[in-house]
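Asker: Order-wise, the sequence lines are chains A and B. Whatever position you read off the first sequence (first residue = 1), add 13 for the numbering used here. Whatever position you read off the second sequence (first residue = 1), add 1165 for the numbering used here.
Keep in mind that a hint or two might mislead.
Claimed, not checked - Under the rule of at most 25 Å between Cα atoms (straight-line distance), these lysine to aspartate or glutamate pairs were calculated in the DMTMM-like manner:
#1 Lys-1233(B) to Asp-173(A)
#2 Lys-417(A) to Asp-1249(B)
#3 Lys-1233(B) to Glu-134(A)
#4 Lys-95(A) to Glu-108(A)
#5 Lys-1246(B) to Glu-108(A)
#6 Lys-1193(B) to Glu-66(A)
#7 Lys-215(A) to Asp-1266(B)
#8 Lys-1233(B) to Asp-294(A)
#9 Lys-1223(B) to Glu-43(A)
#10 Lys-480(A) to Asp-1244(B)
#11 Lys-1233(B) to Asp-190(A)
#12 Lys-1233(B) to Glu-338(A)
#13 Lys-196(A) to Asp-1266(B)
#14 Lys-123(A) to Glu-177(A)
#15 Lys-1246(B) to Glu-134(A)
#16 Lys-1246(B) to Glu-43(A)
#17 Lys-196(A) to Asp-1244(B)
#18 Lys-1223(B) to Glu-134(A)
#19 Lys-1233(B) to Glu-150(A)
#20 Lys-1246(B) to Glu-338(A)
#21 Lys-1246(B) to Asp-90(A)
#22 Lys-1246(B) to Glu-137(A)
#23 Lys-417(A) to Glu-43(A)
Unchecked claim - Here's a subset of chain A near chain B, in silico, CB distances under 10 Å, partners left out:
#24 Leu-28
#25 Glu-195
#26 Ala-199
#27 Ser-212
#28 Pro-259
#29 Tyr-317
Read the hints as simulated data drawn from the structure, not as lab findings. C-beta: ideal position from N, C-alpha, C; glycine also.
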Amino acid sequence: MALGLARQRLAIGILVFIAFTGLLGFRLIELSLFDGPVQRARPAVANPNIRAEIVDRNGVTLASSFEAYALAARPRDIMGNKEALIAALIRILPERPPEAIRSAIYHDGKFRYITRRILPEQAEAIRRLGEPGLTLEREAERLYPHVGLAAHLVGYTGIDGRGEGGIERAFEQRLTDPAQLEKPLALALDVRVQQALESELKAQMDLQQASGAAGVVMDVHSGEVLALASLPAFDSNRPGGLVGMPSHMNRATLGVYELGSTFKAFTIAMAMDTGVLPRMDERFPTTPIAVGRQRISDSHPKGYPLTVPETLIYSSNVATAKMAERMGRQRQEAFLRQLGMMDRAPGELLETGRPLTPAPNNWGLASVLTIGFGHGIAVTPLHLATAYSALVNGGIYRPATFLKVPEGAERPGRRVFQESTSHALNGMLRLAVLDGTGRQADADGYRVGGKTGTAEKVLEHGRGYDKRRNITTFAGAFPMDNPRYVVIAMVDDPTVGSRMAGSVAGPVFKKVVNRIAPVLGVAPDTSGASEPDIRMFEGLYKPRDPKRDPNAMRRAAAGLPPLEGGVR
Amino acid sequence: MAGMMRASADQRGWGADQRGWGNEAPAKSAGRRTWAATAWLVAGTIAVAVTSYSLSLKVAAERRDVEKLARQNASLQSDLKALDAELRVRMRMPQLQRWNDSVLGMVPISATQYLANPVQLAAYGDPIEQAAPAVPHAQLAVRDLAPAAHPPAQQPLLVSAQAPARAPAMRPEPAPAAIERVSMERPSVASVGIQRPAADAPQDLIREVEVNFAAGGANQ
């Protein structure tokens, strides 16, 4: 009985063994006949979104990632003929120098890259070579479809795929967070506005053979930066070179400049807010004044005392210096701090410049007076744009942001100027464009207001100024009846033609506004009915063209008769 | 192998033993039952194994197909992304600007091109009662096919031919933020006269030219 049971078990074991062997054989036949070709058809596809996309405020892609490969050699593991392998690689990678391939294959070490960023098709061809001494590493290729547009803002990635500038660097963690790879990073940037700003700045730069240019377009209420230009630029796809090259320096957020008379608007607003300027009709003499070794005079002397609006319209250094003197250092410094002028440039970028201000123990009367008209203090164009936003939006300072603010969301801010002061400055800035130094910036129908700024460049060795080299700036906003956008245009060292801001940066501002206003939904009005209300200045300035005076145009649009003797 | 040979020898021996035990009926029937049970057990095992394996094969095949589809899907997505990127690179803003600067020559819409209200827009068209006498204009448009017979100023203009279609988009409000409004500079009159052989001009084109000519005349 026991023997029979043993025989049964043996028979079962034999059958199971035969069945198992048969199954293995069947599976081998199946694998060789059916499975093989399918698995060799294409390398497994990984998620190419190794880095999240960057898009503009309307969803236009600014940066995206693609699957790519890096090819490396491990010379000691190469099995076949090295010369045959080199010939095969040269055939597959025609763009790679044969010497580089050869040196990598014969490299006297364990590992050496042959090339980075090869196409998937090339990777597949190399894989088919079957050479164990070649290694393919999957990498992400970063593509910037708009090439050099907003290169300094968007930034670029290095050979290892890490962000090395701009948003790519500042948001490295967010862009590589696996949980957010599928969600693009939306910037406040609008590529249409960016293109308009960059192309107009570039055209002026080329026309006047300037060494550089910068520009900012900012929403005054949200602080969103719609465009940020720094020229000369570079191709984000092939950044090349060193980070210290002039083309890699972000002139809008990193470069600090003395932006000249654009500061006069701040000084007048500070003086009005602190109560040292109670009356708009108070007249300030414009005769040159001497402070220590410095002599302050007007670039456009009028020869008679100027009222407060006239001080801004005619850009009087002397009158503004006197206002600053009344205000004093403490209040001036406090206001500048409130406007962010004592801190690094606002925004999320890491390439931010620290303003150059007088040392605390050297902030004497001379510094107070010169800072009053924008000398002796160097800030970035982004500082200026943010401060101008606070000046024209009703007096609320909101730091600049490069990220899109959700619709309807309100960013926190702090009050710097009273609303009435902001309103008065809006009127004065409009008059400075209509009757003052910014006439060439007047974009017809868009009620622009702003201030020119021409500052001499600091000499190379750091002491004194070069009278032949200027930084020309125009800082303005539109529409001045209800400001929505601030535009800063700065051209560095124009050498051909006029070197005054009104003739260099003013036209750039005008062209940019003409191009971006329809895009941004700002409707023009040539009737004059939408001109800012500046009745408080009636009689305090002399209109250059009485028919185009905002007061007169508003009266005409309302059907009222012209004011008799209202203007001088 | 040696074990198998021993097993087969045992099997042979087992058969001889069975013959030797043939006179013991209960033991024989018990042996048959055991053998039948074993056979059933083996057959059942094989059946289950074969069925399970075929099921496993089927599942594996399905999984393979799904994987293949996923791979194809990923590949297509990759291709789609590449094509999309190529398209975006080709229509990049600096390139569009270059085309415009060198070929199209479009300029931003000026403040005077905005209309304040629909009434102002309607003022560009002819009154309805005067629209009927516009038929003679059709004759003018057709006769324009011989441009020498007419002063150039009366030729229909290409730019005015598009005016009725564009007119609604020129309303100042609401201005869509996502659409850049541009307009083409009006070319000189002599350069854009529509000149086409009379025989080739279809009736609907003549009618269109007629309407556009009338509208263009009012729009001058």
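Asker: Give a verdict on every hint.
Answerer: Hints versus structure:
1. In summary, the hint linking Lys-1233(B) to Asp-173(A) is not supported, as the alpha carbons are separated by about 31 Å, beyond the 25 Å threshold.
2. Distance hint between Lys-417(A) and Asp-1249(B) is fulfilled; the C-alpha atoms sit about 24 Å from each other, no more than 25 Å.
3. For the hint linking Lys-1233(B) to Glu-134(A), the alpha-carbon distance of about 19 Å falls within 25 Å, and the restraint holds.
4. Between Lys-95(A) and Glu-108(A), the direct Cα distance comes to roughly 20 Å. Compliance with the 25 Å bound is thereby established for this hinted pair.
5. For the hint linking Lys-1246(B) to Glu-108(A), the alpha-carbon distance of about 24 Å falls within 25 Å, and the restraint holds.
6. Using a Cα cut-off of 25 Å, the hinted pair Lys-1193(B) and Glu-66(A) is violated, with the two alpha carbons roughly 82 Å apart.
7. Straight-line distance between C-alpha atoms of Lys-215(A) and Asp-1266(B) comes to about 14 Å, which keeps the hinted pair within the 25 Å bound.
8. At most 25 Å may separate the alpha-carbon atoms for a hinted pair to count; Lys-1233(B) and Asp-294(A) exceed this at roughly 82 Å.
9. Using a Cα cut-off of 25 Å, the hinted pair Lys-1223(B) and Glu-43(A) holds, with the two alpha carbons roughly 13 Å apart.
10. Simply put, Lys-480(A) and Asp-1244(B) have alpha-carbon atoms about 58 Å apart, too far for the 25 Å limit, and the pair is violated.
11. For the hint pairing Lys-1233(B) with Asp-190(A), the CA-to-CA distance comes to about 29 Å; that exceeds 25 Å, so the pair is violated.
12. For the given pair, Lys-1233(B) sits about 79 Å from Glu-338(A) by alpha-carbon distance, which is inconsistent with the 25 Å threshold.
13. Among the hinted pairs, Lys-196(A) with Asp-1266(B) is inconsistent with the structure: their alpha-carbon atoms are about 36 Å apart, more than 25 Å.
14. Using a Cα cut-off of 25 Å, the hinted pair Lys-123(A) and Glu-177(A) is violated, with the two alpha carbons roughly 29 Å apart.
15. Between Lys-1246(B) and Glu-134(A) the CA atoms are separated by roughly 16 Å; this keeps the pair inside 25 Å, and the hint holds.
16. Taking the CA atoms of Lys-1246(B) and Glu-43(A), the gap is near 36 Å; set against the 25 Å cutoff, the hint is violated.
17. With a C-alpha separation of about 20 Å, the suggested pair Lys-196(A) and Asp-1244(B) falls inside the 25 Å cut-off, and the hint holds.
18. About 33 Å separates the Cα atoms of Lys-1223(B) and Glu-134(A), which puts this hinted pair outside 25 Å; it is violated.
19. The straight-line distance between the Cα atoms of Lys-1233(B) and Glu-150(A) is roughly 23 Å, inside the 25 Å bound, and the hint therefore holds.
20. Pair hint Lys-1246(B) plus Glu-338(A) does not hold up; C-alpha atoms about 62 Å apart against a cutoff of 25 Å.
21. Under the criterion of a C-alpha separation no larger than 25 Å, the hint pairing Lys-1246(B) with Asp-90(A) is inconsistent with the structure, at around 36 Å.
22. For the suggested pair Lys-1246(B) and Glu-137(A), the alpha carbons sit about 19 Å apart, so the restraint of at most 25 Å is met.
23. Distance restraint check for Lys-417(A) and Glu-43(A): the Cα-Cα separation of roughly 56 Å exceeds the 25 Å cut-off, and the hinted pair is therefore not satisfied.
24. Hint on Leu-28(A) holds. Least Cβ distance to chain B is approximately 5 Å, under the 10 Å limit.
25. The closest approach between the C-beta of Glu-195(A) and any C-beta of chain B is roughly 12 Å, which is over the 10 Å cut-off, so the hint fails.
26. For Ala-199(A), the interface hint is violated, since its Cβ never comes within 10 Å of a Cβ in chain B; the closest pair sits about 15 Å apart.
27. With a cut of 10 Å, the hint placing Ser-212(A) at the interface with chain B holds, because the nearest CB-to-CB distance is about 5 Å.
28. This hint is violated: Pro-259(A) has a C-beta 20 Å from the nearest C-beta of chain B, more than the 10 Å allowed.
29. At about 35 Å, the closest approach between the beta carbon of Tyr-317(A) and any beta carbon in chain B exceeds 10 Å, and the interface hint on this residue is violated.
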